[in-house]
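Let chain A serve as the given structure and place chain B on it in line with the hints.
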Amino acid sequence: MLKYDVVVIGGGPAGLAAAIEAKKNGVDNILVIERDKELGGILQQCIHNGFGLHVFKEELTGPGYAERFITELKSLDIDYKLDTMVLDITEGRVINAINTIDGFMKIEGKAIVLAMGCRERPRGALSIPGTRPAGVFTAGTAQRFINMEGHMVGKKVVILGSGDIGLIMARRLTLEGAEVKAVAELMPYSGGLTRNIVQCLDDFDIPLLLSHTVIDIKGKDRVEGVVIAKVDENRRPIPGTEKLYECDTLLLSVGLIPENELSKSAGIKLDTITNGPMVNESMETNINGIFACGNVVHVHDLVDYVTEESIRAGKNAAKFVKDQLIDNSNVIDTKPGDGIRYIVPHKVRVENLDKTLDMFMRVTDVYKDVKLVIKADGNIIREMKKKHLAPGEMERVKIPVRDIKGKNISNITVSVERGVN
Amino acid sequence: MKQYEKVCIVCPVGCRLTITEDSDSDSGYKVEGNNCPRGEKYGIKEVTNPTRVLTTTAKIKGSHYERLPVVTSDGIPKDKLFQCMKEINTLKLEAPINAGDIVIKNILDTGIDIIASRSMSKE
Numbered sequence: 001m002l003k004y005d006v007v008v009i010g011g012g013p014a015g016l017a018a019a020i021e022a023k024k025n026g027v028d029n030i031l032v033i034e035r036d037k038e039l040g041g042i043l044q045q046c047i048h049n050g051f052g053l054h055v056f057k058e059e060l061t062g063p064g065y066a067e068r069f070i071t072e073l074k075s076l077d078i079d080y081k082l083d084t085m086v087l088d089i090t091e092g093r094v095i096n097a098i099n100t101i102d103g104f105m106k107i108e109g110k111a112i113v114l115a116m117g118c119r120e121r122p123r124g125a126l127s128i129p130g131t132r133p134a135g136v137f138t139a140g141t142a143q144r145f146i147n148m149e150g151h152m153v154g155k156k157v158v159i160l161g162s163g164d165i166g167l168i169m170a171r172r173l174t175l176e177g178a179e180v181k182a183v184a185e186l187m188p189y190s191g192g193l194t195r196n197i198v199q200c201l202d203d204f205d206i207p208l209l210l211s212h213t214v215i216d217i218k219g220k221d222r223v224e225g226v227v228i229a230k231v232d233e234n235r236r237p238i239p240g241t242e243k244l245y246e247c248d249t250l251l252l253s254v255g256l257i258p259e260n261e262l263s264k265s266a267g268i269k270l271d272t273i274t275n276g277p278m279v280n281e282s283m284e285t286n287i288n289g290i291f292a293c294g295n296v297v298h299v300h301d302l303v304d305y306v307t308e309e310s311i312r313a314g315k316n317a318a319k320f321v322k323d324q325l326i327d328n329s330n331v332i333d334t335k336p337g338d339g340i341r342y343i344v345p346h347k348v349r350v351e352n353l354d355k356t357l358d359m360f361m362r363v364t365d366v367y368k369d370v371k372l373v374i375k376a377d378g379n380i381i382r383e384m385k386k387k388h389l390a391p392g393e394m395e396r397v398k399i400p401v402r403d404i405k406g407k408n409i410s411n412i413t414v415s416v417e418r419g420v421n
Numbered sequence: 001m002k003q004y005e006k007v008c009i010v011c012p013v014g015c016r017l018t019i020t021e022d023s024d025s026d027s028g029y030k031v032e033g034n035n036c037p038r039g040e041k042y043g044i045k046e047v048t049n050p051t052r053v054l055t056t057t058a059k060i061k062g063s064h065y066e067r068l069p070v071v072t073s074d075g076i077p078k079d080k081l082f083q084c085m086k087e088i089n090t091l092k093l094e095a096p097i098n099a100g101d102i103v104i105k106n107i108l109d110t111g112i113d114i115i116a117s118r119s120m121s122k123e
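If you're matching them up, the sequences are chains A and B in order.
Residue numbers are given in my numbering: position 169 of the first sequence equals residue 169, and the series is strictly consecutive.
Residue numbers are given in my numbering: position 61 of the second sequence equals residue 61, and the series is strictly consecutive.
Hints may be right or wrong, so weigh each one.
What the hints assert, rightly or not - Here are the computed lysine-lysine pairs in the BS3-like style, where the Cα-Cα straight-line distance is at most 30 Å:
{"hint": "1", "chain 1": "A", "residue 1": "LYS385", "chain 2": "A", "residue 2": "LYS371"}
{"hint": "2", "chain 1": "A", "residue 1": "LYS155", "chain 2": "B", "residue 2": "LYS92"}
{"hint": "3", "chain 1": "A", "residue 1": "LYS386", "chain 2": "B", "residue 2": "LYS45"}
{"hint": "4", "chain 1": "A", "residue 1": "LYS371", "chain 2": "A", "residue 2": "LYS81"}
{"hint": "5", "chain 1": "B", "residue 1": "LYS45", "chain 2": "A", "residue 2": "LYS81"}
{"hint": "6", "chain 1": "A", "residue 1": "LYS57", "chain 2": "B", "residue 2": "LYS41"}
Calculated directly from the structure, the hints in this document are not laboratory data.
This is chain A alone, in the form it adopts within the complex (with noise of 0.2 Å):
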């Protein structure tokens, strides 16, 4: 049996992050496992920039970020697998995994670290009806097939989804000179941020079909079409409005779902909502000594956040290692209120914050000139006015411990309330 102080599963941003940090805090003996060929994860494949804003005030490309955690990580000495493929973790943070050098391994983790993020929702998640033709890829294949592997997937494009991979995919793809015909989404606003919407959909005469969707898909060998029609206000397909879209590929954004399938095996408590692991205040989950973070835990909108929710992580699995975790402490539970979808972390021990308790939210529809209301057992803490709250973008509040410490509070509620001016 293999045995590390801390071992960290996923060598992308996350996992990055949390490693570097553990290091940093004292840890000497930590892994990283990646089941690519590379560190670096899906930012690999993210040629796009905007990457880096908050964490390095510089706007790098995915790689670009990826490249100065790998570079940090290798210099500080941290071992790390690769083509390595986590089969399970079973009682006593033992990890069960294979490559085709090592074999079969069993890996000892004082602390584990899970940093797998999160997966695609793809077609067989829709239900869209037709026939099962090729050129129907998720937009994140596809981006790894172009960026990285140097094959173009199609002439004639339809985007289902106008999430941020979509519309960066729309932009991405039109430079290569495909023609993308349209972006079509269900809901009556956009998944991704607007700066997308400009810079990928506006600058090309990309249209927005908002409120559509594709309810089918035509070709037997090959897409030759899609059908989009529009959509009532319960999303149902409206009669007398299906139009048809020649096309040889159809692109699906529909969503990221939280790769849980090690979570449940290890017996992690998920969230409904997010889907990802319950965490606390120190990225613990409902098992000692196991910790999440990155968009394992709720898919992120930027990546910069992802590493700050990872350095917490990899902070405090560092002070688990050292007995340092606070476990007896006032526990809080964070509830989401009117127009909140979820919040992370769900439980606060208090005693083991530094200098502010940092939430991390996303709203359930659009919403102007609101504020975001916080409430200890009832009463106002915080309220913080907000311009434009979307659900595709995440929200975070900081709350200053002093607020919160020796007052014995038992939950802290966020609302989105209207009636600002």
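Relative to the frame of chain A, chain B by itself:
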């Protein structure tokens, strides 16, 4: 007086800008709705000479992937995007390459370089 509505794309906040011609100001424009100075700069540029940072890939041989991600050293005029793509697509690079290496100097006489956005080692 001409007025433009633009969404700032400098950062993910996405401020909604109103840019108005204003002969009294040095730049000739007044920008409203921005939360930071970068928004003002962007707003004026967007109505005078809109530019974009171009990110794409170039062919590379001898490494573990077929494509090297590249990026322009600064924004290039929007109407030159496709010409730049054409130029970059003629490249045939060989590993190793280091992040920051210039792969095309002064593309299309814009004063902008095309730069490797990651390192790729020889395999």
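Quiz item: Which of the stated hints cannot be reconciled with the structure, identified by number in ascending sequence?
Solution: The structure conflicts with hints 4 and 5, although it agrees with all the remaining ones.
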